[in-house]
Each structure stands twice: as structure tokens, then as C-alpha cells.
Amino acid sequence: MTETDARPTAPTRKTGPAPRRAGLLAALVAVQAVCAVFFVADVTADFTWDGADAHTAFEAVIAVALVLGVVFGALEIRRTLDRIRRAETALSIASGALAEVIETYFDRWGLTVSEANVALLTIKGFEVAEIAELRGASASTVRVQLAKVYAKAGVASRTQLLSLFIEDLMGDDLMGTPSPSPD
Amino acid sequence: MSQPSETLSGSAHPPSKGVKWDPVVRVTHWVIALSVLLNGLIIEEESQLHNWIGYVALAMLALRVLWGIVGTEEARFSSFPPSLSKALAYGKGLLRGEHPEQRSHNPIGVLMVYAMWGALAVVVATGIGLEVFHISELEDVHEVAANLLLLLAFGHICGVVLESRLSGVNLIRNMTFRRRSRGPE
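The listed protein sequences derive, respectively, from chains B and V.
Under my numbering, the letters of the first sequence match residues 133 to 315, in that order.
Under my numbering, the letters of the second sequence match residues 447 to 631, in that order.
A few of these clues could be false.
Simulated pairs of lysine to any residue, SDA-like, Cα-Cα distance not exceeding 25 Å [as the list claims (entries may be wrong)]:
id : chain 1 : residue 1 : chain 2 : residue 2
1  : V       : Lys466    : B       : Val163
2  : V       : Lys532    : B       : Asp239
3  : V       : Lys532    : B       : Phe204
4  : V       : Lys538    : B       : Glu208
5  : V       : Lys466    : B       : Ile255
6  : V       : Lys466    : B       : Leu157
7  : V       : Lys466    : B       : Leu293
8  : V       : Lys466    : B       : Glu247
9  : V       : Lys538    : V       : Leu480
10 : V       : Lys466    : B       : Ser295
11 : V       : Lys466    : B       : Ser246
12 : V       : Lys466    : B       : Ile225
13 : V       : Lys466    : B       : Arg215
14 : V       : Lys538    : B       : Ser227
15 : V       : Lys532    : V       : Arg522
16 : V       : Lys466    : B       : Ile216
17 : V       : Lys466    : B       : Ser227
18 : V       : Lys466    : B       : Phe204
19 : V       : Lys466    : B       : Ser289
20 : V       : Lys538    : B       : Arg211
21 : V       : Lys466    : B       : Arg211
22 : V       : Lys532    : B       : Arg152
23 : V       : Lys466    : B       : Arg218
24 : B       : Lys280    : B       : Leu293
25 : V       : Lys466    : B       : Glu220
26 : V       : Lys466    : B       : Ala226
27 : V       : Lys466    : B       : Pro151
28 : V       : Lys466    : B       : Leu160
29 : V       : Lys532    : V       : Ile574
30 : V       : Lys466    : B       : Thr221
31 : V       : Lys466    : B       : Lys280
Calculated from the structure, these hints are not laboratory results.
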């Protein structure tokens, strides 16, 4: 990550395409259910008054297909929602784990409250000028605090600071590649 | 520009509380609500539109029943068996200021939801009996069940508002289609 392509991340997560897909599927299945009821009612009425003929039989096939469509549509929505929920759980576990790792490191380095705040914002991708604005401090103060953070962490740049946390999350056995020593 | 969050893991918005209803529950809920409102209070009983809306309500009820069998965990019937004793205990707890986290409908809501589905089923069945099979004896049952359903719906709204106040969980927002900030649940 370079200094220029790091963008601040918004704290709110937008509804992704997957939940929207589930919502769309639900609306579609609802419409299908209405069609199914109309067709079943129509077939029942035709059968009651006119008896079984080719037309009624054909309509009956359509009615059955529609009902089956609703059932399978519902099952598909269920699968989609389960997938979304699994992903959300995994994400929340991962973000919880990351927060824990970050907190542990900050404690170990003995960061002050201000330094921890600056460090966190840096990890989140905010620039010095933006951090200064958010904290109501001057850019030079932030720069000094950031330098102290780097010194306490034993790193030379934002990239190295980030890599500390990412490395911990990845685990050594996952990559099997040597990691550079921060010293 | 977003504000920095105070804690490491938390976003600026606290996670929403209460059950996050899935889209099938929401769609069926609101279409049924609209159907009951239209047919019960606005549309003329003799009109063809009244019948069509009745079929739409039947379709939504059928879909909800199907969803109660194959749907998400909180939407399945097995997650909310009706229990009078649990409802009483829950009501007493609410008055004492307790509001335990719910995985599905709360125990009082359970009774209400089954009562409304039952009433709706009777209204739809008698409506079909009247319109399709011309069984005029069903007229009174249809009328009484429909009024009961409207009464239950009114009670349901009062219950939701009251419980949202008591528990601090915005139950209405959990059923509408507005985007919620999603936190770990």
C-alpha cells in the first residue's frame, strides 16, 4: 500500500449484492406464490365445473410447476441467506481477531492513548492531514506522534506497521515464506 | 469524511438489536398487512378486487407457512412454539424492566402471530367458500373472523409499539426495508 492509494474506510458497511439478491429472490418468489394460488384456484374451478379435459390438464401441469417453483425458490433463498450469514459470522470473527491482535500490540509497545488513536487511524488508512483534522490537532503533532509509534513498534513505515498485524493473522504455516525482521 | 471510531473493533454505529427478519418474512408480512387493511377497511366486499386481494393474502399465508418449514432458523415454526406460561412469564419480566434477547418472536408475539394466522386462514377459507362455492351460511363467520383479524392486527400494532418502548429494541425498524447498520450479532 502506498501513501496515495490508501483511502479512509467508512465505518458503516453498505448492504452488499448478496442481501439484495436475497431480497429480490424473496419478491420474485412472492409474485410466483400469487401466480401459483391463482392457477390452482383456476384449475380447481375448471375441474369442478367443466371436468377433466386437455385444457384443464395442461393448466394443472402449470399449477403444479408453479407450486414446485415456489418451493424450490424458497429453498434457494434459504441457501443464499445461510451463505450470507456464514460470511457475516466469519467476517465478524476475523475483525474481532484483528482488533484483538492490534490491542495486544499497542499494549506491548506501551503506546499512550493519543498514540494508540493515531496508530489506529493510520492502520485504517487515514492520511496525516486527515488524522490531524479528525483529532483537532496540528499535522506536525500527528507526525511526531506517528514517529513515536513507529519507533516503539520498531518499524520504519506504515507498510511495515500494517504487515505486523497481517502477518499475525495469516499465521506462519499458511504461507511458509520467511517474513522480514522489523529491525 | 467519517468519524474515527472510539473502540478498535466497533464501528461508529452500535449493532442493531432484536431479530433481523429475513426478506421472505418481511415481504409476506407487509403484503398481508396491506391486504388486510385494504379488504378489511377500504375495498367494497362485493367487488372483484376484494376477491383478488384475498387470493394474494392466501398466497402470502401459504408462502409464510412454507417458509415456516424450510425457512431461516428464526422464521421456522420450531423456533417459536406457542406457550401461555412463557408468554405470562415474559410479560411479567417486561413490566419489571427485563427484556431478554430473543432469537425469534417474543413469547407474547408468538401467541399473537398464531392467532392472526388462524384468523386470516378462516377469513380466506370462508371467503373462498362464499365466492367460489356460494355457501351463503359462511357470511357471518367470514364477517366475524375478519373483524377479529382487524382487532388482532390493532392489538399487534399496540403490542409492537409498547414492547419497543419497554425493551428499547426498535421492533418496527427490524421489520421494515430500511438499511440497517450491521454489526456482529
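With the threshold set at 25 Å, check whether the alpha-carbon distance from Lys466(V) to Leu157(B) stays at or below it. Since the Cα atoms of Lys466(V) and Leu157(B) sit roughly 17 Å apart, the hinted pair holds (cutoff 25 Å).
Can the restraint linking Lys280(B) and Leu293(B) be considered satisfied, given a maximum Cα separation of 25 Å? holds, 12 Å
Holds or violated: Lys532(V) and Phe204(B), Cα atoms, limit 25 Å. violated, 35 Å
Just to be careful, I want the Cα atoms of Lys466(V) and Ser295(B) compared with a cutoff of 25 Å; is the pair within it? Distance ~36 Å between Lys466(V) and Ser295(B) Cα, so the pair is violated.
25 Å Cα cutoff - pair Lys466(V), Arg215(B): Holds: Lys466(V) and Arg215(B) sit about 15 Å apart, inside 25 Å.
Holds or violated: Lys466(V) to Ser246(B), with C-alpha atoms at most 25 Å apart: It is violated: about 37 Å lies between the C-alpha atoms, which goes past 25 Å.
With the threshold set at 25 Å, check whether the alpha-carbon distance from Lys532(V) to Arg522(V) stays at or below it. Given pair Lys532(V), Arg522(V) holds - Cα atoms ~18 Å apart, limit 25 Å.
Lys466(V) and Leu160(B): Cα distance at most 25 Å? Roughly 21 Å separates the two Cα atoms, so the pair holds.
Given the hinted pair Lys466(V) and Ile255(B), is their alpha-carbon gap at most 25 Å? Not satisfied, since the Cα-Cα distance of roughly 31 Å exceeds 25 Å.
Checking one constraint from the list: CA of Lys466(V) to CA of Pro151(B), max 25 Å. Satisfied? holds, 12 Å
Would you mind confirming whether the straight-line C-alpha gap from Lys466(V) to Ser227(B) stays at or under 25 Å? Between Lys466(V) and Ser227(B) the Cα gap is close to 21 Å, so the pair holds against 25 Å.
Given the hinted pair Lys532(V) and Asp239(B), is their Cα-Cα distance within 25 Å? violated, 46 Å
Going through the hint list in order, the structure does not satisfy hints 2, 3, 4, 5, 7, 8, 9, 10, 11, 14, 19, 20, 22, 29 and 31.
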